[in-house]
Amino acid sequence: MSKRVAIAMVIGAVALLLPGVGGARGTFLRMVNPAFIAFPPIPPLAGPVGLSFVPGVSQGIVERPNNCRQSITLRGLDGVEPSDGIPGTGDEIICLAHMWMAFDGPSFGTLVMRGEVLGSRDDARTFITARFDQETTLCTRIGARGESAYYEARGTRCYEPDPLYGLVVGPLLSVPFTSDPTQGFVLGTYAPRPRSPLIATEGLWFGEPSDEQLD
Amino acid sequence: MGSARRLGRTIGLLALLFVARPATASHFHLGRPPLLPEVAPIPPLVGPLGTAYKPLRSMGNVVFDEKCLSVINFNHLQGLDTSDTVPGSGDEIICTTHLWIGHDDSVTVATLIRRGEVRRGGRVHAAARLDKETGVCTPQGDDAWFEMRATRCYEPDPAYAPLISAPFASDPTQGFVLGEYAPRPATRLIAVEGNARAVDQAR
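Line order of the protein sequences matches chains A and B. As numbered in the numbering used here, residues 876 to 1090 make up the first sequence, in order. As numbered in the numbering used here, residues 37 to 239 make up the second sequence, in order.
No wet-lab data here; the hints were simulated from the structure. Warning: the hint list may mix true and false statements.
[As the list claims (entries may be wrong)] Restraint ranges, calculated between C-beta atoms of paired labels, are given here:
#1 Ile961(A) x Thr118(B): 57 to 67 Å
#2 Pro1038(A) x Pro208(B): 30 to 40 Å
#3 Leu1047(A) x Gly171(B): 44 to 54 Å
The beta carbon of each residue, even a glycine, is placed where N, CA and C say it ideally should be.
The whole structure should be built from the sequences, with the hints applied where relevant.
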């Protein structure tokens, strides 16, 4: 082995051991100073709780790479029917993120997101990416203009499909997404939960990963 | 000589790749609680607000992982006195994290209280292995934490002394308050969880 290869391997190994390189294990949250505090607390978590998320088998992660983007991934769900692939038809997994926002001024509300159910009934998955700067005029990427931010952005909760949510029951979206008007922001109040069972909420599991999770 | 130059170039390239790596995005996991406890919601965020965290200059993050590691980091906090580096002497910033602890079929509400020494340049780095400091967290123990996204950090409060149910072995002023949420310190808020500045991504 040449010296160059050996050095490259050592540096690569060190890089992989440092935070931010080896994948999204654990919980990593940025801290910011809030500009306001007087908004109401987010709604408490309420049931019913479903069984589609199987501890040790299912996985879920929420990522916020910048101030205008949030993505949600759920894998290994059991008992959720695959959807038709058409946005807004009501057969999607629904995720709500309650938050306080400083977009065009202080506000609070709920980001309503939907994700098509892929895979099979006994191994379902969904991927959701919400780009607020592209889907709405609310959020401006930092560095472009102004300073958009969100605080108290806790309360991301995902639910099984509820075909009537947002149509007959549920929230009226204040700022719908351009690509799918069944997703978007509810402002000035928190959106109610769908009537369907809860799949998952924010959490950190300390168990040993299953083979499925390690694959 | 040529070999040394090639070696230097290789190291430089690798260093550049390392520096240019994607920074860690805020992320957290999802899980299913075994049941929903009938408890009061997490305490609302209340003031007073401080000015130690300067937008466009200060930065901070909190980390929890599956091995019970808890880390609090800040840099470039302004206007805080450097602390004496003696744990529990009251001149540390205080961070509280409200959460639910799920174990088997039960759920307990709790607040994790952490403290961090303030160093020159407004730096704070406080890392702890919660499994070694307390008996509350066990890696691969099948426990889970839920609704834990409420970390709030405050300026030093020498009078802050909630009753800690599971204190740290190394510092009894840190630890878990179990069965209820701890009150906030009386001092000003430094920061809460949130996403703001793209410049943070580069740090």
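The hints, checked one at a time:
1. For Ile961(A) and Thr118(B), the hinted distance range of 57 to 67 Å is satisfied, since their beta carbons lie about 59 Å from each other.
2. For the pair Pro1038(A) and Pro208(B), the supplied restraint of 30 to 40 Å is violated, since their beta-carbon distance comes to about 54 Å.
3. Taking the beta carbon of each, Leu1047(A) and Gly171(B) are about 48 Å apart, inside 44 to 54 Å as hinted.
Going down the numbered hints, you'll see the structure goes against just number 2.
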